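With chain X's structure known, arrange chain H on it following the hints.
Below are the chains, spelled out letter by letter.
2 protein chains.
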Amino acid sequence: MAFTKVVILGGGFGGINAAKALGNSKLDVWMIDRTNHHLFQPLLYQVASAALSPGDIAVPIREILSPYENITVIMGEAVKIDKENKIVVLRNGDHVGFEYLILALGANHSYFGNDQWEKFAPGLKTLNDALQIRERILISFEKAERCDSISEAKKYLNFVIIGGGPTGVEMAGAIAEIAYETMLRNFRRIDVTKTKIYLVEGSPHILPVYPERLSEKAKGYLERSGINVITGKRVTDVTSEGVMVENTFIPAHNIIWAAGNQASPVLKTLGTPLDRQGRAIVEADLSLPGNPDIFVIGDAACAMDQKGKPLPGLAPVAVQQGRYVAMLLRKRIPKNERPPFRYFDKGTMATIGKTKAIGMFNKIQFSGFFAWLAWCFVHILYLIGFRNRFTVLFQWLFSYFTSRRGARLIYRYHIESELTRPPKHPE
Amino acid sequence: MAFTKVVILGGGFGGINAAKALGNSKLDVWMIDRTNHHLFQPLLYQVASAALSPGDIAVPIREILSPYENITVIMGEAVKIDKENKIVVLRNGDHVGFEYLILALGANHSYFGNDQWEKFAPGLKTLNDALQIRERILISFEKAERCDSISEAKKYLNFVIIGGGPTGVEMAGAIAEIAYETMLRNFRRIDVTKTKIYLVEGSPHILPVYPERLSEKAKGYLERSGINVITGKRVTDVTSEGVMVENTFIPAHNIIWAAGNQASPVLKTLGTPLDRQGRAIVEADLSLPGNPDIFVIGDAACAMDQKGKPLPGLAPVAVQQGRYVAMLLRKRIPKNERPPFRYFDKGTMATIGKTKAIGMFNKIQFSGFFAWLAWCFVHILYLIGFRNRFTVLFQWLFSYFTSRRGARLIYRYHIESELTRPPKHPE
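Going down the list, the protein sequences come from chains X and H. The opening position of the first sequence corresponds to residue 1 in our numbering, with each subsequent residue numbered one higher. The opening position of the second sequence corresponds to residue 1 in our numbering, with each subsequent residue numbered one higher.
This is chain X alone, in the form it adopts within the complex:
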């Protein structure tokens, strides 16, 4: 029996759902990802803010796909796609041929041409990013406690989050929780309630995809948590000492980048039209123009909805696209008979701090504590794997009632390396 080979690049929401929907079919499916795990990215900020452990929001791709005998999982990094010869080239030179290709490569941060900022303002896309941000947050308080004077400590107690989208808002809320609740009785020399958190958004409103009324609600929640929300102002420089917001300099040791996205650079090797964010422009069936065997889904794709508006970079879009492409391939539908992809919008939500959220579903808008409960419910529900669902629920309940955080660990960082100063006494 001649099997048709389908290669999927990327094990995010789009790729993993495409693979599952192709499971136990007569197709020979290869899933290739740089890491060994599928990440529940909507909760990544909770790893960055020490509430959850990496294991709570990530599951090995092999484990998810092990029931499907027709799927081979390969840990590897694609660097080039040769669409004429139908070959994916991995970094070590290995070639993987395909008959159909599903590109679900996701996006990285974009510093809008200021890549030198990355060093001072890491972004949040991978588990590694999240652990790096977690250590930076925790180490700041440790450094502050070791300072000789309050003025010296101040820099370490200033946090700036650049970008007022969902990630930025969620990080700001989580840091407020750490500073004003979790750490409260943990220090003797510094006063953690003096922590200052700034959220900077270039457009006039935070959470700009939401209606103005909801975004103002969210702003109110953030401000009541003690966060300084700065809107309509652009960041003009980021250094090791802090952030320049137009004409004002905010000294800060902790800067988090949540402002821009750029699709995977591998797409550039395709030789196909890309949009401003580097996403491949796809046709109504999510295939490349002139190449019906190569599909692009999720954050890597610039797909349009029925009204000709680009679809947002959200998990449900990627999930539905993955399943849609799998259906096309299972049924072997020829290009000219493929129905266009249609996104079914189940609504969106964003959480703010410990007990508040905003959300909308079609014309219905909601906010406050019940929105937050709904947010918890939906996120638990969609977490892959029974074990993760259960442990995350337990940890949320635990930290809700105790304000403790389960993963407040620093283990890769050496505090002395940045605290160098001349010895006070000759040795």
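Think of the hints as simulated: they come from the structure by calculation, not from any bench. Just to be clear, a hint being listed does not mean it is correct.
Listed below are the simulated DSS-like cross-link pairs for lysine-lysine, each with C-alpha atoms no more than 25 Å apart in a straight line [unchecked claim]:
1) H:K354 <-> H:K331
2) X:K143 <-> H:K80
3) X:K307 <-> X:K354
4) H:K346 <-> H:K20
5) X:K5 <-> H:K143
6) H:K354 <-> H:K86
7) X:K20 <-> H:K233
8) H:K20 <-> X:K143
9) H:K354 <-> H:K125
10) X:K155 <-> X:K119
11) X:K363 <-> X:K346
12) X:K143 <-> X:K155
13) H:K354 <-> X:K80
14) X:K5 <-> X:K20
15) H:K233 <-> H:K154
16) H:K5 <-> H:K86
17) H:K5 <-> X:K143
18) H:K80 <-> H:K5
Derived coverage of chain X by chain H (criterion: at least 3 residues anywhere in the stretch with Cβ under 8 Å from a Cβ of chain H; other residues may be distant) [said to hold, decoys possible]:
19) 119 to 132
20) 140 to 152
One-sided and incomplete, this derived list gives chain H residues near chain X with beta-carbon spacing under 10 Å [unchecked claim]:
21) N92
22) T239
23) F377
As the structure is a computational prediction, the values presented were derived from the model and not from experiment. Using N, Cα and C, we set each Cβ at its ideal position, and we do this for glycine too.
Just chain H now, with coordinates in the frame of chain X:
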């Protein structure tokens, strides 16, 4: 009110118990540790074998000590102790003065003068070590799956654990579980049941502190799990390609060092007699000879029991020593009135694989499934913090019934970096 300053170096079992026992006293206590967390080291091998997350076995020292207003926690690394001037020097040059000093600095691996082996055979002392070993184990299977031939893959499916003490035995059992159960249906190209695990011990018996009968039982359990136990043979070389055991070369990509300990090098700056393992030789009250204000406890100390035999490097010894020294200081007992430290032996246990253990309590020896249940119970009981106890229990039950492991994540490693080969086709 004039407070007396007590400095504790190290937040392991000894240090943290000394600190807790000095909590809410009229002493000004400073706890200094390189990391920000207390580690439940007996379960560290479970992090290394992807069963538990770091957050499950580590708790922030600040969190543990936050109820005690008289304790200041400092994250910092002591590099020198000036016992004449009563000053601890931190790596960045900061000086911390003390009236009493409790040294609970623990031990590191010792490669018996072959420090070049460390690169190929990492040891297991810190969370970072555990995560490094975890990634190496997991990446081995990934590399094997990407090999072109079975003979090439073989090297990646060989595991050698050097040292047949508790850590070595526990790691060997855990790797057998990963290879023969967890990974079973996860690969398509390699046969994981072909994994070979070698446990090499230089002395005639594994677990040499146990009676011969128990150590033979343990050996039987290991062998029935598919592990090759080699005793009475010494490792003579470790390279990137494998391990030389006397005249036999075992090719292996994964080598774990569990063979030797060396007390913290900071002790050398004390100018006090050390034993062969670099531990400070202490008097009956655990203070240094000629210096009644400096105490050494736990793995950093060479203390004798009532019969003049050195006390073993076990958690209960460190815990009891910490509490004993705290009692001396709380009561301000002068040197000549101090009762000698007495270790109360509650027994010891070691676990082998998923369902077996051995243990002894005074003259009573036990082994098998019930020993394993006892092991689980005792370890859960002693885990610090309600949350950890609960989540660890849940994860154990989960993985017991499903053979899955919750933390099978690779996130710091880049697989392509070691898979370099010439491209098969000219690009």
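Status of each hint after checking the structure:
1. With a C-alpha separation of about 46 Å, the suggested pairing of K354 (chain H) with K331 (chain H) is violated against the 25 Å cut-off.
2. Our distance criterion of 25 Å between C-alpha atoms is met by K143 (chain X) and K80 (chain H), whose separation comes to about 21 Å.
3. Annotation: proposed proximity of K307 (chain X) to K354 (chain X) is violated, straight-line Cα distance about 37 Å (limit 25 Å).
4. Between K346 (chain H) and K20 (chain H) the CA atoms are separated by roughly 21 Å; this keeps the pair inside 25 Å, and the hint holds.
5. Distance restraint check for K5 (chain X) and K143 (chain H): the Cα-Cα separation of roughly 22 Å lies within the 25 Å cut-off, and the hinted pair is therefore satisfied.
6. As the CA atoms of K354 (chain H) and K86 (chain H) are separated by approximately 49 Å, the hinted pair breaks the 25 Å bound.
7. For the given pair, K20 (chain X) sits about 49 Å from K233 (chain H) by alpha-carbon distance, which is inconsistent with the 25 Å threshold.
8. Distance check on the hinted pair: K20 (chain H) and K143 (chain X) sit about 24 Å apart at the alpha-carbon level, within 25 Å; holds.
9. In summary, the hint linking K354 (chain H) to K125 (chain H) is supported, as the alpha carbons are separated by about 22 Å, within the 25 Å threshold.
10. Under the criterion of a C-alpha separation no larger than 25 Å, the hint pairing K155 (chain X) with K119 (chain X) is consistent with the structure, at around 17 Å.
11. As the CA atoms of K363 (chain X) and K346 (chain X) are separated by approximately 11 Å, the hinted pair is consistent with the 25 Å bound.
12. A hinted pair counts as satisfied when its Cα atoms are at most 25 Å apart, and K143 (chain X) with K155 (chain X) qualifies at roughly 10 Å.
13. Distance restraint check for K354 (chain H) and K80 (chain X): the Cα-Cα separation of roughly 44 Å exceeds the 25 Å cut-off, and the hinted pair is therefore not satisfied.
14. Note on K5 (chain X) and K20 (chain X): the hinted pairing holds, with a Cα-Cα distance of about 15 Å set against a maximum of 25 Å.
15. Distance hint between K233 (chain H) and K154 (chain H) is fulfilled; the C-alpha atoms sit about 23 Å from each other, no more than 25 Å.
16. In summary, the hint linking K5 (chain H) to K86 (chain H) is supported, as the alpha carbons are separated by about 11 Å, within the 25 Å threshold.
17. Pair hint K5 (chain H) plus K143 (chain X) holds up; C-alpha atoms about 22 Å apart against a cutoff of 25 Å.
18. This hinted pair checks out: K80 (chain H) and K5 (chain H) have alpha carbons roughly 18 Å apart, not beyond 25 Å.
19. With 4 residues having a beta carbon nearer than 8 Å to a beta carbon of chain H, the segment 119 to 132 of chain X meets the requirement of three or more and the stated coverage holds.
20. Remark: the segment 140 to 152 of chain X is confirmed as covered by chain H, as 3 of its residues place a Cβ nearer than 8 Å to a Cβ of that chain, reaching the required three.
21. For the restraint placing N92 (chain H) at the interface with chain X, the shortest Cβ-Cβ distance is roughly 4 Å, inside the 10 Å limit, so the hint holds.
22. Nearest Cβ of chain X to the Cβ of T239 (chain H): about 23 Å, over the 10 Å cut. The hint is violated.
23. The criterion of a C-beta within 10 Å of any C-beta in chain X is not met by F377 (chain H), whose closest approach is roughly 21 Å, and the hint is violated.
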